[in-house]
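Participant: So the chains spell out like this:
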Amino acid sequence: MLHNIDVISSNMAAPVNSVCKTSADRLQVNCTSFQKKTRSKLISIPGTRPSVQNGQLLVSTGVTSLDYLLGGGLAVGTVLLIEEDRFDSYSRMILKYFLAEGVVCRHELFVATAQDNPDEILQELPAPILDDVAVPKPVEQPRLTGEPQDILDAMKIAWRYQNLPKVQSALASSSRFGHYYDVSKTMEVEIRQAAKCHRFYLPDHITPSSAAHRVESYSALLKSLQEVIHREGFDLATPMSKSRNILRVGLHSLGSALWGDDLCCHDKPRHSHALTTFLYGLRALLRSSLSVAVVTLPSHLIQDRALMGNITRLCDNAIALESFKGSERETNPLYKDYHGLLYVRQVPHLNCLARQLPDHKDLAFKLKRKQFTIERLHLPPDLSETVSRVSRGEPVGVASACGSSASGTKNLDF
Amino acid sequence: MLSELLQGIESGGFLIIRGKLIHILCFDVSEEELKDGLKPSDTQRLHIHNAYSDPLGWTGHPNFTVQQFSLEDLTNLVKQTSQPKPAVLVIDSLSWILRHKTPPAVCQTLQQLRKGGAVRAVIGLLHTDMHQRGTVGSVCHLATSLISVAPGVKGKEAVARVTKRSKSGKVMQDEEIFCIAEDFTVTILSKPSHAEHKTNSTEEEQTDPTANLTFNLRLSDSELEAKQKLTLPFVFSKEKKTALLHPGPGSGRILYEPDANDDYDQEDPDDDLDV
Chain A
0 MLHNIDVISS NMAAPVNSVC KTSADRLQVN CTSFQKKTRS KLISIPGTRP
50 SVQNGQLLVS TGVTSLDYLL GGGLAVGTVL LIEEDRFDSY SRMILKYFLA
100 EGVVCRHELF VATAQDNPDE ILQELPAPIL DDVAVPKPVE QPRLTGEPQD
150 ILDAMKIAWR YQNLPKVQSA LASSSRFGHY YDVSKTMEVE IRQAAKCHRF
200 YLPDHITPSS AAHRVESYSA LLKSLQEVIH REGFDLATPM SKSRNILRVG
250 LHSLGSALWG DDLCCHDKPR HSHALTTFLY GLRALLRSSL SVAVVTLPSH
300 LIQDRALMGN ITRLCDNAIA LESFKGSERE TNPLYKDYHG LLYVRQVPHL
350 NCLARQLPDH KDLAFKLKRK QFTIERLHLP PDLSETVSRV SRGEPVGVAS
400 ACGSSASGTK NLDF
Chain B
0 MLSELLQGIE SGGFLIIRGK LIHILCFDVS EEELKDGLKP SDTQRLHIHN
50 AYSDPLGWTG HPNFTVQQFS LEDLTNLVKQ TSQPKPAVLV IDSLSWILRH
100 KTPPAVCQTL QQLRKGGAVR AVIGLLHTDM HQRGTVGSVC HLATSLISVA
150 PGVKGKEAVA RVTKRSKSGK VMQDEEIFCI AEDFTVTILS KPSHAEHKTN
200 STEEEQTDPT ANLTFNLRLS DSELEAKQKL TLPFVFSKEK KTALLHPGPG
250 SGRILYEPDA NDDYDQEDPD DDLDV
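Keeping their order, the protein sequence lines are chains A and B. In this text, residue positions in the first sequence follow numbering that gives the first Met the number 0: the first is 0, and each later residue adds one. In this text, residue positions in the second sequence follow numbering that gives the first Met the number 0: the first is 0, and each later residue adds one.
Every clue listed holds true.
Result set (DSS-like, lysine-lysine): computed pairs, CA atoms no more than 25 Å apart in a straight line:
(1) A:Lys267 / B:Lys100
(2) B:Lys163 / A:Lys335
(3) A:Lys165 / A:Lys365
(4) B:Lys163 / A:Lys367
(5) A:Lys324 / B:Lys163
(6) B:Lys169 / A:Lys184
(7) A:Lys360 / A:Lys324
(8) A:Lys367 / B:Lys166
(9) B:Lys163 / A:Lys365
(10) A:Lys365 / B:Lys169
(11) B:Lys166 / A:Lys365
(12) B:Lys239 / B:Lys228
(13) B:Lys166 / A:Lys324
(14) B:Lys239 / A:Lys165
(15) A:Lys369 / B:Lys169
(16) A:Lys369 / B:Lys166
(17) A:Lys367 / B:Lys169
(18) A:Lys324 / B:Lys169
(19) A:Lys367 / A:Lys184
(20) B:Lys163 / A:Lys184
(21) A:Lys335 / B:Lys169
(22) B:Lys166 / A:Lys184
(23) B:Lys237 / A:Lys165
(24) B:Lys240 / A:Lys165
Don't read these hints as lab results, they were simulated from the structure. All values derive from a computational prediction rather than experimental measurement.
Work the whole structure out from these sequences, hints included.
Facilitator: See below:
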C-alpha cells in the first residue's frame with residue numbers, strides 16, 4: 000500500500016530522481032518516503048546519488064551492507080577509516096571492494112601503499128557480477144528448535160505467534176545502490192585498464208635512508224594527491240566545462256612502520272602529530288574536491304588509546320574490524336556463522352545537527368563468495384541444561400544472554 | 000605445520016641446516032659458540048658473518064657493524080659468495096639490532112630485503128620480552144610466518160605456535176610440541192593437551208537434583224501416563240487455532256443497541272436531569 004502511495008507522490012512532485020540515474024531504481028529508504036522537491040542543483044555524476052537525509056552526494060563503498068550502515072553510502076568529500084583486523088585480510092578486502100566499485104562506476108582511482116606495490120592490489124580486485132537483476136536471497140532466518148515450519152500443532156503453547164514475521168537480521172535497504180562482486184574471480188584486465196588509476200608507491204618517492212623520512216612520507220603523499228586532484232580537474236575551482244567525475248582514494252595501512260612512522264612501534268610515539276596532521280590536510284583537500292577516501296590503519300598495533308581517539312575524530316566515518324581468526328573466539332559456537340565482528344566507531348554529521356547512527360551495536364560480518372554481509376549478531380536465549388542448543392564447550396569468559404555464566408550453573412537447577 | 004616450515008626454509012634458528020646457502024649474521028653469540036656442536040659438513044655450507052666482536056665499530060676495523068644493516072650493505076654481503084641462487088639470511092638477533100636502530104628503519108630494511116631479489120628468505124630471531132608490544136607487533140606484522148616458542152610442560156619439550164599467512168590472505172594457525180635432540184634434529188610430538196582439559200570438564204557427572212531429598216519428586220510410570228493425558232487449558236483444536244489466527248470477515252462483529260443514555264441532545268445538555 001505504501002508502495003503505491005510513494006509512486007503517486009513522486010510523479011506529482013518535481014522529478015528529482017531523473018537527474019541522477021545510476022540504476023533505474025526509485026529512491027527508497029525503508030524508513031521514509033520523503034522526496035526532496037528541489038530542482039537539479041546536484042551535478043549528475045555516474046555512480047552517485049543524493050542522500051535522503053541531508054542531500055549530500057553519496058557513492059557506494061562496494062559493500063551494500065556497509066552502505067546501509069553509513070547512512071546510504073559514503074558522502075563525497077569524506078574519509079572512511081577502517082581499523083584493520085589482525086592479519087589485514089578483511090580490511091584489505093573492503094579496500095578492494097571500494098576500488099572495484101570505482102572501476103565499475105568509471106570513477107578514477109588513486110592508490111597509495113608502502114608495503115606492496117599498488118599494482119598488486121589492483122590485480123586482486125574482485126570481478127563484478129554483471130547481471131543487474133540479481134537480488135541477494137534473503138538470509139536464512141535462525142529457527143527456534145522444535146518448531147517445524149507449517150504445522151500448527153508444533154507450537155503448543157505459543158501458537159498465537161505462529162504467523163508473526165521472523166526477525167530480519169540482515170541489513171539491507173530496499174533500493175540497490177552499488178554492485179556485487181565475486182571474490183573467487185579477479186576482475187578482467189580489460190575492465191580494469193579502462194579505469195584511470197594513479198599510483199603512489201612510497202619507496203619510489205622517498206629514499207629510505209634519509210633521516211627526515213618520517214615526516215616526508217606523509218607530506219609527499221599529500222603533495223602527490225593534491226597534484227593529481229588539480230591536474231585532473233577534481234577540485235571545484237576549475238570551470239564546469241567538461242563532465243565531472245569522482246576520485247576514489249585508497250590508502251593502505253597508513254601509520255604502519257613502513258611509512259616511517261613510529262606510531263605502531265612505541266608506546267609513547269615521539270612524533271605523533273605526523274599522521275594527525277596528514278589526516279587533517281587530507282580532509283581539507285577532500286572537502287574542496289570531488290573525492291572520497293578510504294584509509295586503513297593497523298590500529299591493533301597502536302598502544303596509545305588517546306592517539307587512536309584523535310585519529311578517529313579526524314576522520315569522518317570510522318569502523319573497526321575484528322576477525323575471529325587466531326583468537327579464542329574462533330571456537331566459540333556463538334560466532335560460528337561469522338568471520339568477525341564489526342564496530343562502527345564514528346558516523347559524521349554533515350551539514351546537519353544529528354548523526355545517523357545505526358540502531359544495532361552488535362554487528363558481525365561474513366565474507367561469502369558473492370557478498371560481504373554485515374548482520375546483527377543475535378545472542379540466543381540462555382536455556383537451561385536439559386534443553387541446551389549450544390554445546391557446553393564455551394569458555395568461561397563469555398557472557399551469555401541472560402546474565403548467568405553457563406559453566407557455573409552446573410549444580411544449580413531450579 | 001612446523002615440520003613443513005622447517006623443510007621449506009631449510010633451517011630453523013640454530014638447528015640443523017639441510018640445504019643450500021645460508022648466511023648467518025651473528026650479533027648475539029660468537030662464531031665459535033654457534034659452530035659448536037654442528038657437524039663440519041654442515042658448517043661448510045654456512046657463511047657466518049661475525050658481528051659479535053665489534054658491532055658498534057669501536058675498533059678501527061670492524062667486521063660488520065649494526066650501521067651496516069641496510070639494503071645495500073646486506074646485499075653486498077650476501078653476494079660475496081657469488082652463487083647464482085639467492086640465499087637464506089638468518090639474523091641471529093633482531094633484538095640486538097632493534098636496540099640500536101629505530102624500529103621503522105629495521106622494518107623498512109626487512110621489507111626491502113624481501114622485495115629485492117638477493118635473499119630468498121629472511122629468518123630472524125626476536126626476543127619478545129625485550130621490546131615494547133608495539134615494536135614486537137610491528138615486526139611480526141611484516142612476517143609471513145611466525146613461530147612463537149614457549150617452554151612446555153615437561154622438561155625437554157617446548158610448545159611452538161605457528162602462524163602462516165599466504166599471499167591470498169589465508170591465515171593458518173597451528174600449535175605443536177617439539178623437542179630438540181642432541182644432534183639438533185627436531186622431532187615433533189603430539190599436539191598440545193588443550194583437548195584434555197576440555198574433556199575433563201564434560202566428564203563430570205550430571206548431578207541429579209531429585210536424589211537425596213526427604214520427599215519424593217520422581218514420577219512412577221502410571222503417574223507419567225496420567226500427566227501426559229492431561230489436557231491443558233487454552234489448548235485448542237486445530238480448527239479453532241486457524242480460526243483465531245486467520246480471522247474471517249464475520250468474526251469480529253459488535254452488536255449494540257442504543258439505550259436511554261445515548262439520547263444526548265446537543266442544544267440542551269441538561270436534558271437528562273430530573274429537575
